[in-house]
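Chemist: Residue numbers (this note's numbering), protein chains in the order written: chain R, 1 to 244; chain X, 1001 to 1181.
No wet-lab data here; the hints were simulated from the structure. A few of these clues could be false.
[To be verified] To give an idea of the chain R side of the interface with chain X (calculated C-beta under 8 Å), a few residues: (1) V43; (2) L53; (3) R76; (4) K128.
Cβ coordinates follow ideal geometry from the N, Cα and C atoms, glycine included.
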Amino acid sequence: MTTTPAKDTAHAAAALALGDDALVLSHRLGEWAGHAPVLEEEVALANIALDLLGQARVLLSMVGDEDELAYLREERAFRNLQLVEQPNGDFAHTIARQLFFSAHQYLLYGELAAGNGPFAPLAGKAVKETAYHRDHAEQWTLRLGDGTDESHARMQRAVDALWRHTGEMFQPVEGLDVDWIGLETVWLEWVSEVLRRATLTVPEGPRTGAWTAGAGRQGLHTEPFGRMLAEMQHLHRSHPGATW
Amino acid sequence: MVTTLTPLEAELLELAGSVPDPELPVLTLRELGVVRAVHARGADTVEVELTPTYTGCPAVEAMSLDIERVLREHGVREVTVRRVLAPAWSTDDITDEGRRKLREFGIAPPRVRTASSGPVPVELGVTRTRETRPEEDADPVRCPHCGSAETELLSRFSSTACKALRRCLACREPFDHFKEL
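If we strip away everything but chain X, and leave its shape as in the complex, we get (with noise of 0.2 Å):
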């Protein structure tokens, strides 16, 4: 999405992606991947369009709130925040600074997958068997706290939607995983 932003709506793209993640605080909103455009439209009056991690996510109430606040503050008298579905959000789209967060914060960051992008495919191989799980190639979740590539998935859901319950087989520590998506 490449679009010609004044100085005004780079700035106000900067605070609004420099507000935290209601729910992983180390991360801010611009390190998620969330915030996608800032419109100015007039002098005072700012359209900000937030898409979400999940469609059921409710942290995007709170980061709406949040985004809002922020912008007020810093004398924008009219924000909205529209949310946009498409192009859907990926896992991908979280920095590799939003990543080296994540795991100093115990949670395994979501693997960078590639062409995931354009329309979703019909995978529908029906000699899919479990040695073709994700968690079983060539790149495997690593444990946060110890490193080891030795880890075993316990939950496919986990405190939230967006994370997979895991357990490292060398420290026995359980963790968190960001889940691809």
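Chain R on its own, in the form it takes in the complex (with noise of 0.2 Å):
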């Protein structure tokens, strides 16, 4: 895979951030095959996970050696978003999950297209796929939240339940020239109308502060993400330098 290093510091830090997310999110999903709820939701998913790991191996590349990034480094050197590492739950909680990372992360990437850094691109070509991934979470959003008593249950559970996470998306990234209020704003308006279309309340609880979450960049991760990393890493450490 060719590779464009990252000319300074800040860049590759940025890169790391933005990688990781995309490699985290990626393995989340990846998870779901062979458990999705119907075999469409198993293809879609994983052809998600597919265009997530895509992007994390242009942006790891630009850090370093891809697969030593991602299946040598320990816990506290990822710097993915607390939220992208969250376990799957039920399929409510991956909806949720992919509605409000997905929505960050499609204007995110329209910001980054835009102007002309390092990350321009990548961002170009991602930003495409990104809208797809935004659009399926969407209509599952608006399919369970608006479907019967269970399923509008289920979506609030898990709407409620990853509120905590969404202040942390955006925190301002080093080597990222974007607005992040400007973004943040954006995306709470969508997000909101897109729950109001789903007959579904909008969290009232605190997406910053005390009580969230929201150390991920730094390299603090929730207890789930350990496990998560034990079983991606494993085969890559038991048999180091394995071909098949």
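Assemble the dimeric complex from its two separately framed chains, guided by the hints.
Modeler: Okay, structure coming up:
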């Protein structure tokens, strides 16, 4: 894979943050393979995971060796958002995580694509893929929220549970020239509108500050992440250099 | 991307472009629009620029190997395939011939998108609803089998990320649709 070395440490740090978001969420979505509620969703989630893995490969290659970065780093060295490492939960939890993250990623890539920094080529490509991820999450949110009593209750529970992880997405990332406040405003308007159309209640709980999540960018992760990494890395670590 | 090709480069570009797509072998890489350029550096060293359809498209590696093999067979000693992301590939890069072949193969080709070049606008219409979805606009996705415009979306993602799964309401056949990107 051809790589474009990051020009300076700030850009490398940003590439690591965005690359880890994509890698970790890709792995979480891949865990649905063999377990999704219907075959079409099995395929959809795997395809979204593949898009994210492709983005992760480009971003991590800007920092160093993609395999070493993915498989040989310890938990504290990962810079992904805590949102993307959250376990899949039920299907509603996965959809809520997708709704929150893909709306954020779509806006962020859109802004990076419009600039001419080192991330513009990837962002210009990935924003088109992310538009489909966001659409997928939006349609499922509407269907589950405005569905049966059971699906409505589960979707609301998922939105409420993950809400406290959403403020972290708008913490400024060093090396990215982005209007974070503007991004968050548009994100909040869009997500709130989707939730309302889905007959769901926009949570009132805090998104930043005490009692919320948000130190993934500093290398602090939630308890389930260590177990996810153990599963993701164990083959590579057990059989260094193995090929087939 | 207008550059002057030497006769050798034009010949090698033709060769690289004639490689079949590993996943949709009815299409060549030229028809898919993914071979961007060929640069000859000296007599037997060549660099090929290849752009992926999707960032994570796993076929890129097979494409690179196939291009290297074909050019080596043609006597080029050193072949490097470089992956380029910008400008981003679009389904508009698929040639008319490519679209025709897709349809014959049973895949509804992507509809042509106008004004898709330039920076990607962040379109966040908060009032956007189902009614404005692309599949419900004036240019319907037609069934590649019977040609009917009455088709419905079954899944946004099909056998690969670049395709959606649809069903024809007239002949009832399910079919893949190459999504507009």
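Chemist: Look at each hint and say if it fits the structure.
Modeler: Verification of the hints:
no. : hint : result
1   : V43  : 6 Å, holds
2   : L53  : 5 Å, holds
3   : R76  : 27 Å, violated
4   : K128 : 5 Å, holds
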